[in-house]
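**Q** Now for the letters of each chain:
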Amino acid sequence: TAGITQAPTSQILAAGRSMTLRCTQDMRHNAMYWYRQDLGLGLRLIHYSNTAGTTGKGEVPDGYSVSRANTDDFPLTLASAVPSQTSVYFCASSEGTSSDTQYFGPGTRLTVL
Amino acid sequence: QKEVEQNSGPLSVPEGAIASLNCTYSDRGSQSFFWYRQYSGKSPELIMFIYSNGDKEDGRFTAQLNKASQYVSLLIRDSQPSDSATYLCAVGGMTTDSWGKLQFGAGTQVVVTP
Numbered sequence: 034t035a036g037i038t039q040a041p042t043s044q045i046l047a048a049g050r051s052m053t054l055r056c057t058q059d060m061r062h063n064a065m066y067w068y069r070q071d072l073g074l075g076l077r078l079i080h081y082s083n084t085a086g087t088t089g090k091g092e093v094p095d096g097y098s099v100s101r102a103n104t105d106d107f108p109l110t111l112a113s114a115v116p117s118q119t120s121v122y123f124c125a126s127s128e129g130t131s132s133d134t135q136y137f138g139p140g141t142r143l144t145v146l
Numbered sequence: 012q013k014e015v016e017q018n019s020g021p022l023s024v025p026e027g028a029i030a031s032l033n034c035t036y037s038d039r040g041s042q043s044f045f046w047y048r049q050y051s052g053k054s055p056e057l058i059m060f061i062y063s064n065g066d067k068e069d070g071r072f073t074a075q076l077n078k079a080s081q082y083v084s085l086l087i088r089d090s091q092p093s094d095s096a097t098y099l100c101a102v103g104g105m106t107t108d109s110w111g112k113l114q115f116g117a118g119t120q121v122v123v124t125p
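In the order they appear, the protein sequences are chains F and X.
Using this note's numbering, read the first sequence as starting at 34 and increasing by one per residue.
Using this note's numbering, read the second sequence as starting at 12 and increasing by one per residue.
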């Protein structure tokens, strides 16, 4: 199975532009997550969704928004990108919400200039 | 203070030796503990999870959990060059605010030398 796919693989974006990072899973997992990973800071949770139709804020939600219209898709939108949003973004999913194992997508490397 | 702490390394380990990685956490209510391996430029992949105090073995890997002391460790026996990677410790909470979320440490880089 494909598991989790993310698109694009990498992107260079001008500051002030908007962008949507796509994430799709085929495991029928209920919960999905967006993380950013920066050198020395590890993975930080941006937003999460425990089930389709619900979303919640993580540790670093400012400047990002998400939606969960169905089980499979969990897009992350940057409305007006800033250079501090340069990072590697990982989407993850888990079967449930009771701290189940999270499985990660391949990541999107985003550079904001 | 970070909620999940790991030594950043690099931890240099001779091939065939045991690599010992440690992780401490601050939330006493934490109930689930995970070790992920991340190769450079790749996404994290699960190695092991542990929920109960004591040791849990899976092949060359052993996870050790001590909730009273709030630490979890990972031992890699017979280390191989392919074990060279960054190892992430992740901790899951049980409070209303932390339910279903994992806190990650910054990772320990392991380098296995032939």
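Calculated directly from the structure, the hints in this document are not laboratory data.
This one's a predicted model, so the numbers in the text were calculated from it and none came from an experiment.
Some hints could be false.
As the list claims (entries may be wrong) - Pairs of lysine-lysine, DSS-like flavour, derived with a Cα cap of 30 Å:
hint, chain 1, residue 1, chain 2, residue 2
1, X, Lys53, F, Lys90
2, X, Lys67, X, Lys53
3, X, Lys67, X, Lys78
4, X, Lys78, F, Lys90
**Q** If a hint holds in the structure, say so; if it does not, say that too.
**A** Hints and how they fare:
1. Lys53(X) with Lys90(F): This hinted pair holds, its Cα atoms lying about 25 Å apart.
2. Lys67(X) with Lys53(X): Roughly 26 Å between the alpha carbons, so the hint for lysine 67(X) and lysine 53(X) holds.
3. Lys67(X) with Lys78(X): holds, 14 Å
4. Lys78(X) with Lys90(F): holds, 28 Å
No hint from the list above goes unmet by this structure.
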